[in-house]
Amino acid sequence: MRWLLVKDLQILKRSPLLVGLLVVYPIVISVLIGLALSKGPSKPRVAFVNEVPPAANTIQLGGEKIDTSKYGQQLFNAIDPVRVDTEEEAVQKVKSGDVLGALVLPPDLTNKLASGLEPAHVKVYYNAEDPVKARFVQDTITAQVQKANAAVRKKLTKIAVGYLHLINQGGQFSFFGRDFDVLGLAKADAILGAVLKQLPKNSPVSPEIAGVQRFAKVAHDNLDLSDNVLQTVGEPIVVDQHVLRGGKTPLDAFAVAVAATVSLMFVTLLLAAGSLALEREENAFGRLVRGLVSRTALLAEKGFLAAGAAFVVTLVMLAGLALFIDLAWDRFPLWMVAVAAGAFGFAAIGLAIGGLTREVRAASLMAFMLGLPIAFLALIPSGSVSQTLYDVTSAISAMFPFKPTLDALNAALNDAGGLGKALLHLALLIAAYGALARVSLRRFG
Amino acid sequence: MSDGALLEARGISKRFGEREALRGVSISASRGEIVAIIGPNGAGKTTLLSIIAGSQQSNEGDVSRPAGEVGWVPQQAAVYGKLTVSENLRLFARLEGCGDVEAVVARMLRQTGLEERADDQVATLSGGNRQRVNIAIGLLAQPEVLLLDEPSAALDPRQRERLWEFIRALAEAGTAVLFSTHNVAEAERNAHRVIVLADGELIFQGGTRELEAQVASNRDFETAFVEFLHKKGH
Numbered sequence: 001m002r003w004l005l006v007k008d009l010q011i012l013k014r015s016p017l018l019v020g021l022l023v024v025y026p027i028v029i030s031v032l033i034g035l036a037l038s039k040g041p042s043k044p045r046v047a048f049v050n051e052v053p054p055a056a057n058t059i060q061l062g063g064e065k066i067d068t069s070k071y072g073q074q075l076f077n078a079i080d081p082v083r084v085d086t087e088e089e090a091v092q093k094v095k096s097g098d099v100l101g102a103l104v105l106p107p108d109l110t111n112k113l114a115s116g117l118e119p120a121h122v123k124v125y126y127n128a129e130d131p132v133k134a135r136f137v138q139d140t141i142t143a144q145v146q147k148a149n150a151a152v153r154k155k156l157t158k159i160a161v162g163y164l165h166l167i168n169q170g171g172q173f174s175f176f177g178r179d180f181d182v183l184g185l186a187k188a189d190a191i192l193g194a195v196l197k198q199l200p201k202n203s204p205v206s207p208e209i210a211g212v213q214r215f216a217k218v219a220h221d222n223l224d225l226s227d228n229v230l231q232t233v234g235e236p237i238v239v240d241q242h243v244l245r246g247g248k249t250p251l252d253a254f255a256v257a258v259a260a261t262v263s264l265m266f267v268t269l270l271l272a273a274g275s276l277a278l279e280r281e282e283n284a285f286g287r288l289v290r291g292l293v294s295r296t297a298l299l300a301e302k303g304f305l306a307a308g309a310a311f312v313v314t315l316v317m318l319a320g321l322a323l324f325i326d327l328a329w330d331r332f333p334l335w336m337v338a339v340a341a342g343a344f345g346f347a348a349i350g351l352a353i354g355g356l357t358r359e360v361r362a363a364s365l366m367a368f369m370l371g372l373p374i375a376f377l378a379l380i381p382s383g384s385v386s387q388t389l390y391d392v393t394s395a396i397s398a399m400f401p402f403k404p405t406l407d408a409l410n411a412a413l414n415d416a417g418g419l420g421k422a423l424l425h426l427a428l429l430i431a432a433y434g435a436l437a438r439v440s441l442r443r444f445g
Numbered sequence: 001m002s003d004g005a006l007l008e009a010r011g012i013s014k015r016f017g018e019r020e021a022l023r024g025v026s027i028s029a030s031r032g033e034i035v036a037i038i039g040p041n042g043a044g045k046t047t048l049l050s051i052i053a054g055s056q057q058s059n060e061g062d063v064s065r066p067a068g069e070v071g072w073v074p075q076q077a078a079v080y081g082k083l084t085v086s087e088n089l090r091l092f093a094r095l096e097g098c099g100d101v102e103a104v105v106a107r108m109l110r111q112t113g114l115e116e117r118a119d120d121q122v123a124t125l126s127g128g129n130r131q132r133v134n135i136a137i138g139l140l141a142q143p144e145v146l147l148l149d150e151p152s153a154a155l156d157p158r159q160r161e162r163l164w165e166f167i168r169a170l171a172e173a174g175t176a177v178l179f180s181t182h183n184v185a186e187a188e189r190n191a192h193r194v195i196v197l198a199d200g201e202l203i204f205q206g207g208t209r210e211l212e213a214q215v216a217s218n219r220d221f222e223t224a225f226v227e228f229l230h231k232k233g234h
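Line order of the protein sequences matches chains A and B. For what it's worth, this note's numbering labels the leading residue of the first sequence as 1, then goes sequentially. For what it's worth, this note's numbering labels the leading residue of the second sequence as 1, then goes sequentially.
Simulated from the structure, these hints should not be mistaken for lab results. Treat the hints with care, as some may be off.
[Stated by the list, open to error] Derived pair list, reagent style DMTMM-like, types lysine to aspartate or glutamate, alpha-carbon separation capped at 20 Å:
(1) A/Lys13 <-> B/Asp120
(2) B/Lys82 <-> A/Glu281
(3) B/Lys82 <-> A/Glu301
(4) A/Lys155 <-> A/Glu118
(5) A/Lys187 <-> A/Asp221
(6) A/Lys13 <-> B/Asp119
(7) A/Lys95 <-> A/Glu118
(8) A/Lys123 <-> A/Asp85
(9) A/Lys123 <-> A/Asp221
(10) A/Lys112 <-> A/Asp67
(11) A/Lys13 <-> A/Glu281
(12) A/Lys154 <-> A/Glu118
(13) B/Lys82 <-> A/Glu118
My request is simple: use the sequences and hints to build the entire structure.
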């Protein structure tokens, strides 16, 4: 087996394009992913036009001054605003691709907000040349407008509660510069009670005053509850999040695990499938297995070659990514275990592909045709498709090494848990695909 | 094993699904003997040699020598194009377990006249030279029995003549040689004995004159061979 391994390394050495790809591929992928995750804009660039006159930024509502620009600021927490002066300029920036979208606040925005008679409108422009981008812009801006809406609603609710408190308890109220004394229901109830006591027993107005007093009492008692009701209406649903399954891996850390798994998959699959199929294309298989090397030893040699090369390539890639993203080097031994287990998993299926296809080109094509959809299926999150379809995709994913390798790498890199289960899953797949590869060699010669 | 026979294959049968490629074929080869296996396409010539060489398993029958003791030269050169001539020889010499690998490689390069091309990648060689490397690998372990499947198929007449000179020299040194061929004239010229296979059955083995006598032909051996096949219903 040693001499076969030396022979394969000699052949690899004489295939500079292939070796170049193996070396360049992880470096390029790691640099690209690293740059995308660490240097990319954390917020989408959005052109912003504020046509509201500066003086109109502050509106008077219920005797209280509200600075609407404070609420607009919330929007900028989620976007990188590119301030422009006109709507046309904003549209031009969207068309040229300089910004992802444009947000226009019309001049009558605050007046409409202050009137409370009709909703205030804002305009959003974006390119919908692809559905992913369209959804991204829609979601980002809708979420932020909803946040601003919620903040304004909260302020309005506070004002309404103040009004109700004034009506209930009484107090000072300022309107168009004039101060008013508001009696309040509580005091009205007390005054009417005192008046009733002073009236003669058979006074004809006593029943009417008693009716007004009852109204004042009932209204006072019930308006006491209105604070809570209005607070609830202002924020009817409060989200209280609990993670039931899976870790709390940040998106960029998970992306590292995905990138490493994809690289590991392609390098191992292509090398294992190609190097085995090459033995047949060179007609050497028949010569080798007539007593020089057993079929099982030949498979083992190809498996070690492919897994070993992919192991090194993936660790180089992770080291490259670590320049951009904070990876836990103290977990390096676990990285090695996860990468090695994944590499052998992909090597086993690669050997089965090589054994079944029997030609290098067919093996390479099959590796790509199988690898891409399997990776795609493994990344479908639960809840994004129907339960039945998700179960089917999960069952299919479980039959291939991508998902358990991703789980193992995520566990090793991000302490997401489940490493042992993923390794056991991979061990079963290695055994199953190893057996399939061995059987496929029966018709290989 | 029969007296003097270096190799015997007894009752070899091989099935591919429903199709019977070989039916109870028994052959032998003695020291210094050159035996040609001839027959129409699909007769089972390559299958028989592959089974004796250990590349394929038979369904029935047995071979007197283990595969490791038999030199095997498949029809298509079984060599690595990206390796040089000497690297190919060195690899297979190590796999064969040859003692002094470098000495064996040097000997084979000399015997096959490939010393000047030793450092060339096999992919850059002509078909004839590639076949010489193929044969050299089959001879690395100095086997007493050499099997060649259509050895001259890819060679021009000059290369073919050099190949047969080489093989005759091996036989004179005591090697038993079995080869398959489509070229009946080549079998007549070079073989001491011919074995005729048709539809997986052995229908004749003996000298070329004996076969001619069976059809009472007074024309050339190739015509006699075709008449013989007709007579046997093939």
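Outcome of the hint check:
With a C-alpha separation of about 15 Å, the suggested pair A/Lys13 and B/Asp120 falls inside the 20 Å cut-off, and the hint holds. Pair hint B/Lys82 plus A/Glu281 holds up; C-alpha atoms about 12 Å apart against a cutoff of 20 Å. Of the pairs offered as hints, the one joining B/Lys82 and A/Glu301 holds, with about 19 Å between alpha carbons and a cut-off of 20 Å not exceeded. For the proposed pair A/Lys155 and A/Glu118, the alpha carbon gap of about 17 Å is at most 20 Å, so the pair holds.
Restraint check for A/Lys187 and A/Asp221: the C-alpha separation of about 12 Å stays at or below 20 Å, so the hint holds. Distance check on the hinted pair: A/Lys13 and B/Asp119 sit about 16 Å apart at the alpha-carbon level, within 20 Å; holds. Restraint check for A/Lys95 and A/Glu118: not satisfied, since their Cα atoms lie roughly 31 Å apart, outside the 20 Å limit. Proximity of A/Lys123 to A/Asp85 is assessed by CA-CA distance (about 15 Å); at most 20 Å being required, the pair is judged to hold.
A distance of roughly 44 Å separates the Cα atoms of A/Lys123 and A/Asp221; the hinted pair therefore is violated under the 20 Å criterion. A threshold of 20 Å between alpha carbons decides the hint, and for A/Lys112 with A/Asp67 the separation of about 14 Å falls inside it, so the pair holds. The suggested pairing of A/Lys13 with A/Glu281 holds, with an alpha-carbon distance near 19 Å, which does not exceed 20 Å. The suggested pairing of A/Lys154 with A/Glu118 holds, with an alpha-carbon distance near 18 Å, which does not exceed 20 Å.
Among the hinted pairs, B/Lys82 with A/Glu118 is inconsistent with the structure: their alpha-carbon atoms are about 79 Å apart, more than 20 Å.
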